[in-house]
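In order, the protein sequence lines correspond to chains U and Y.
Going by numbering that gives the first Met the number 0, the first sequence opens with residue 0, and the numbers climb by one from there.
Going by numbering that gives the first Met the number 0, the second sequence opens with residue 0, and the numbers climb by one from there.
Calculated directly from the structure, the hints in this document are not laboratory data.
Check each hint, because a few of them may be wrong.
The list makes no distinction among identical chains, and a pair is therefore deemed to hold if it is satisfied within one copy or across any two copies.
Stated by the list, open to error - Mimicking DSSO-like on lysine-lysine, the simulated pairs with C-alpha atoms at most 30 Å apart in a straight line are:
{"hint": "1", "residue 1": "K188", "residue 2": "K87"}
{"hint": "2", "residue 1": "K113", "residue 2": "K188"}
{"hint": "3", "residue 1": "K74", "residue 2": "K282"}
{"hint": "4", "residue 1": "K103", "residue 2": "K252"}
{"hint": "5", "residue 1": "K264", "residue 2": "K133"}
{"hint": "6", "residue 1": "K188", "residue 2": "K296"}
{"hint": "7", "residue 1": "K375", "residue 2": "K280"}
{"hint": "8", "residue 1": "K252", "residue 2": "K113"}
{"hint": "9", "residue 1": "K188", "residue 2": "K282"}
{"hint": "10", "residue 1": "K133", "residue 2": "K188"}
{"hint": "11", "residue 1": "K280", "residue 2": "K188"}
{"hint": "12", "residue 1": "K238", "residue 2": "K264"}
{"hint": "13", "residue 1": "K375", "residue 2": "K113"}
{"hint": "14", "residue 1": "K74", "residue 2": "K87"}
{"hint": "15", "residue 1": "K296", "residue 2": "K74"}
{"hint": "16", "residue 1": "K252", "residue 2": "K188"}
{"hint": "17", "residue 1": "K280", "residue 2": "K113"}
{"hint": "18", "residue 1": "K282", "residue 2": "K113"}
{"hint": "19", "residue 1": "K375", "residue 2": "K296"}
{"hint": "20", "residue 1": "K375", "residue 2": "K87"}
There are 2 protein chains.
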Amino acid sequence: MSSPLSGVRVLDLSQMLAGPFGSMILADLGAEVIKIERPGEGDIGRGMPPHYFHGESVYFLSVNRNKKSLTLDLKSQEGMDIFYRLVKVSDVVFDNFRPGVVEKLRIDYESLQKITPRIITCSVSGYGQTGPFKDRPAFDLIIQARGGIMSYTGEPGRMPVRMGAPMGDLTGGVYAAHGVMAALYHREKTGQGQRIDISLLDSQLSLQIYRGLYYLYAGEVAQPVGSGHVSANPIRAFKTQTFDIVIDANTDKFFQELCAGMDRKELASDPRFITRADRLKNKEALYAILEEVFLQKTGEEWLELLEGRLPAGPINTVDMALSDPQVLARNMVVETTHRSGEKMKLLGSPIKMSPAGEPRFTPPPALGEHTDQILKDLLDFSSQEIRDLREKGVI
Amino acid sequence: MSSPLSGVRVLDLSQMLAGPFGSMILADLGAEVIKIERPGEGDIGRGMPPHYFHGESVYFLSVNRNKKSLTLDLKSQEGMDIFYRLVKVSDVVFDNFRPGVVEKLRIDYESLQKITPRIITCSVSGYGQTGPFKDRPAFDLIIQARGGIMSYTGEPGRMPVRMGAPMGDLTGGVYAAHGVMAALYHREKTGQGQRIDISLLDSQLSLQIYRGLYYLYAGEVAQPVGSGHVSANPIRAFKTQTFDIVIDANTDKFFQELCAGMDRKELASDPRFITRADRLKNKEALYAILEEVFLQKTGEEWLELLEGRLPAGPINTVDMALSDPQVLARNMVVETTHRSGEKMKLLGSPIKMSPAGEPRFTPPPALGEHTDQILKDLLDFSSQEIRDLREKGVI
Numbered sequence: 000m001s002s003p004l005s006g007v008r009v010l011d012l013s014q015m016l017a018g019p020f021g022s023m024i025l026a027d028l029g030a031e032v033i034k035i036e037r038p039g040e041g042d043i044g045r046g047m048p049p050h051y052f053h054g055e056s057v058y059f060l061s062v063n064r065n066k067k068s069l070t071l072d073l074k075s076q077e078g079m080d081i082f083y084r085l086v087k088v089s090d091v092v093f094d095n096f097r098p099g100v101v102e103k104l105r106i107d108y109e110s111l112q113k114i115t116p117r118i119i120t121c122s123v124s125g126y127g128q129t130g131p132f133k134d135r136p137a138f139d140l141i142i143q144a145r146g147g148i149m150s151y152t153g154e155p156g157r158m159p160v161r162m163g164a165p166m167g168d169l170t171g172g173v174y175a176a177h178g179v180m181a182a183l184y185h186r187e188k189t190g191q192g193q194r195i196d197i198s199l200l201d202s203q204l205s206l207q208i209y210r211g212l213y214y215l216y217a218g219e220v221a222q223p224v225g226s227g228h229v230s231a232n233p234i235r236a237f238k239t240q241t242f243d244i245v246i247d248a249n250t251d252k253f254f255q256e257l258c259a260g261m262d263r264k265e266l267a268s269d270p271r272f273i274t275r276a277d278r279l280k281n282k283e284a285l286y287a288i289l290e291e292v293f294l295q296k297t298g299e300e301w302l303e304l305l306e307g308r309l310p311a312g313p314i315n316t317v318d319m320a321l322s323d324p325q326v327l328a329r330n331m332v333v334e335t336t337h338r339s340g341e342k343m344k345l346l347g348s349p350i351k352m353s354p355a356g357e358p359r360f361t362p363p364p365a366l367g368e369h370t371d372q373i374l375k376d377l378l379d380f381s382s383q384e385i386r387d388l389r390e391k392g393v394i
Numbered sequence: 000m001s002s003p004l005s006g007v008r009v010l011d012l013s014q015m016l017a018g019p020f021g022s023m024i025l026a027d028l029g030a031e032v033i034k035i036e037r038p039g040e041g042d043i044g045r046g047m048p049p050h051y052f053h054g055e056s057v058y059f060l061s062v063n064r065n066k067k068s069l070t071l072d073l074k075s076q077e078g079m080d081i082f083y084r085l086v087k088v089s090d091v092v093f094d095n096f097r098p099g100v101v102e103k104l105r106i107d108y109e110s111l112q113k114i115t116p117r118i119i120t121c122s123v124s125g126y127g128q129t130g131p132f133k134d135r136p137a138f139d140l141i142i143q144a145r146g147g148i149m150s151y152t153g154e155p156g157r158m159p160v161r162m163g164a165p166m167g168d169l170t171g172g173v174y175a176a177h178g179v180m181a182a183l184y185h186r187e188k189t190g191q192g193q194r195i196d197i198s199l200l201d202s203q204l205s206l207q208i209y210r211g212l213y214y215l216y217a218g219e220v221a222q223p224v225g226s227g228h229v230s231a232n233p234i235r236a237f238k239t240q241t242f243d244i245v246i247d248a249n250t251d252k253f254f255q256e257l258c259a260g261m262d263r264k265e266l267a268s269d270p271r272f273i274t275r276a277d278r279l280k281n282k283e284a285l286y287a288i289l290e291e292v293f294l295q296k297t298g299e300e301w302l303e304l305l306e307g308r309l310p311a312g313p314i315n316t317v318d319m320a321l322s323d324p325q326v327l328a329r330n331m332v333v334e335t336t337h338r339s340g341e342k343m344k345l346l347g348s349p350i351k352m353s354p355a356g357e358p359r360f361t362p363p364p365a366l367g368e369h370t371d372q373i374l375k376d377l378l379d380f381s382s383q384e385i386r387d388l389r390e391k392g393v394i
């Protein structure tokens, strides 16, 4: 049993969320991901408020498990020399600098390829390395908004809202990991390196999928629908006496099951609600009835009555989701040991495979935790040389 | 120049959205993806209302470009024989059946491995192949709700809403593509096949990221914040005289730029708004002022004034997003030629790399469009044999 990406070494210059989420996917799959961090300060995510564990930002902890940390001052000549030597024994250089920075630092694909023709570089940026807006700063909310999906997230007639998960950032990381893996496979076949250019905005656009084509082919501009569905009913969230629930009872079969499960069989033969078209036409009348009925029992009681009959489930709050029996059965909450000796919990990996087996989980690294080990093992530095570099502030 | 996954052959049994989105990522990267579809009917996504192009569902078109289609009745012995022969010359078998179906059809990993030890299988399902809920049906809304992110998507004090993009489905496809690529790389190194088990619910959980850990480490249960931010201000959407815009002016620097750009410099020295803490404490007062100010100009005017100074941008509706200059400059809207001869538009791929270059885009296949070609080229069937199979309804 070995991890799928075992033997792959990634030099990871990325910080905060989008980049580190992408390199975490690679790390969870077994790549050796070495964070290259500025001496003293490191990944700016390390300081992110508001929650800390043993002095480390929980935000940082969430996306940096399974990685190593090496401090290196890329603005010093000695730091650059070490970086180039590391590139020679690595497969991937991964960054989320603004466009132009890697060229300025002379760690762009063209420069690194001269040292190691097989190198793969992957840059994640807000708008990509090309195009009229490439130099603009981009944060998650701006990307969600410009990408178009925010415009149809929310309630009809009200202001749009953001997707609760930071999809503007995360999606870029996801595609970066795709790019790296495709390039690694390709390199095995051809020996060729690759330069990957991932934009958060492109990534967001790719999520438009059929909504984008509905506009291109039919001129339909998607509008917010709350928890509902523009052309199917009832698919929606409802309040109960306890937690909120969702149902998807659009088909005749599921609608009949819903009525049976609610002990309101007469609704299924009500002329207003017999066909899908009827239910869509008389949406508000159906909503009014269902809203009232669902308020008569608890969420637990409704799910007990409905879950066997049709697609239905709780709107889990975070605490509920993280203790959901299915979530726990699938190891989506895992444990590792922090270097303080204390146990720490992390989210699991959704990529389950065998014979490779469940990923290992090592705790997120302290700043520079692996500097000495990496310099000794990979580049044959002596303890004295390492002490000198540390004194000069290079590491 | 060759595509990164060129030479990889995928037998794709998946339908609708989650599976086809994942196999589309592989196809865009150059894998030969062969949809295996039921004769006569095919992928049920082919019939999805409400929009059609030359009789084909636009929903279907959106996730099936770059694929081939072969019809095959897996319930007939001859169909199964052909499938097994195809497995011998393929790398990946990809499905999104409910758990148990591949075993029943005898196309599960264990069965296929006997034929082709190097085979990689990937199953995408609502809840995964294991756990107490594995047999339940799951649709996008149910997954968004159970996964927890919906609970904090929406406005404070109102019912949660769904993320506008079908993230419950899409995220499963995304991780399936990761799993397949990692397994392909691993197989190059070790010769070993792999069984991949992707659950939409696991995938959703992985997007909880720091919000999940905020609960595990600090007991914080994420709440809906509209377009705003729980611990930073002003980061939000605002109405203008035309379209809505978003700004991210939380830091002192960006807040001062915002005030300057609005020609309201006095706000930056207003004792209620000087520090980040002040602005968070006096959020409502600041909102009231900004809401009024933003209503005094158009969206175009505000972005002209603000975009150079701080992260800001439009809330693009779908039509705006698909004509955004950066989106067009990055080839996120591409064109190919439908077999009718008519030009057709598709969304581009966010995974840009060189020297591999931009992906090719071939139109989504007609049902069984490549049956003859594949049977002849890969399995040496004669025209007569193919006619016989067609007559018997096997293909």
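Hints, verified against the model:
With identical chains, the CA atoms of K188 and K87 are at most 30 Å apart both within one copy (20 Å) and between copies (20 Å). Proximity of K113 and K188 under a CA criterion of 30 Å is satisfied in both settings, with 20 Å inside one chain copy and 26 Å between copies. Proximity of K74 and K282 under a CA criterion of 30 Å is satisfied in neither setting, with 63 Å inside one chain copy and 40 Å between copies. When the C-alpha separation of K103 and K252 is checked against a cutoff of 30 Å, the pair qualifies only between copies, where the shortest distance is 25 Å, while the shortest distance within a copy is 62 Å.
With identical chains, the CA atoms of K264 and K133 are at most 30 Å apart between copies only, with a shortest distance of 29 Å across copies and 58 Å within one. In the homo-oligomer, the alpha carbons of K188 and K296 never lie at most 30 Å apart, since the shortest distance is 60 Å inside one protomer and 57 Å across protomers. In this assembly of identical chains, the alpha carbons of K375 and K280 never lie at most 30 Å apart, being 72 Å within a copy and 50 Å across copies at closest. Taking identical chains as interchangeable, the C-alpha atoms of K252 and K113 are never at most 30 Å apart, the minima being 64 Å within one chain and 40 Å between chains.
Taking the shortest Cα distances, K188 and K282 never come within 30 Å of each other, neither inside one copy (56 Å) nor across copies (56 Å). In this homomeric assembly, K133 and K188 never come within 30 Å of each other (Cα to Cα): the closest approach is 33 Å inside a single copy and 38 Å across copies. In this assembly of identical chains, the alpha carbons of K280 and K188 never lie at most 30 Å apart, being 57 Å within a copy and 58 Å across copies at closest. Taking identical chains as interchangeable, the C-alpha atoms of K238 and K264 lie at most 30 Å apart only when both belong to the same chain, with a minimum of 21 Å there against 45 Å between chains.
Taking identical chains as interchangeable, the C-alpha atoms of K375 and K113 lie at most 30 Å apart only when both belong to the same chain, with a minimum of 25 Å there against 45 Å between chains. Taking CA atoms no more than 30 Å apart as the test, K74 paired with K87 passes inside one copy only; the shortest distance there is 19 Å, against 53 Å between copies. Taking CA atoms no more than 30 Å apart as the test, K296 paired with K74 passes in neither setting, with 64 Å inside one copy and 44 Å between copies. In the homo-oligomer, the alpha carbons of K252 and K188 never lie at most 30 Å apart, since the shortest distance is 50 Å inside one protomer and 49 Å across protomers.
With identical chains, the CA atoms of K280 and K113 are never at most 30 Å apart, being 66 Å at best within one copy and 54 Å at best between copies. In this assembly of identical chains, K282 and K113 lie within 30 Å of each other by CA distance neither inside one copy nor across copies; the values are 64 Å within and 53 Å between. For the identical chains of this complex, K375 and K296 are neighbours neither inside a copy (65 Å) nor across copies (61 Å), given an alpha-carbon limit of 30 Å. With identical chains, the CA atoms of K375 and K87 are at most 30 Å apart within one copy only, with a shortest distance of 15 Å there and 46 Å across copies.
Of the numbered hints given earlier, the model fails hints 3, 6, 7, 8, 9, 10, 11, 15, 16, 17, 18 and 19; all others are met.
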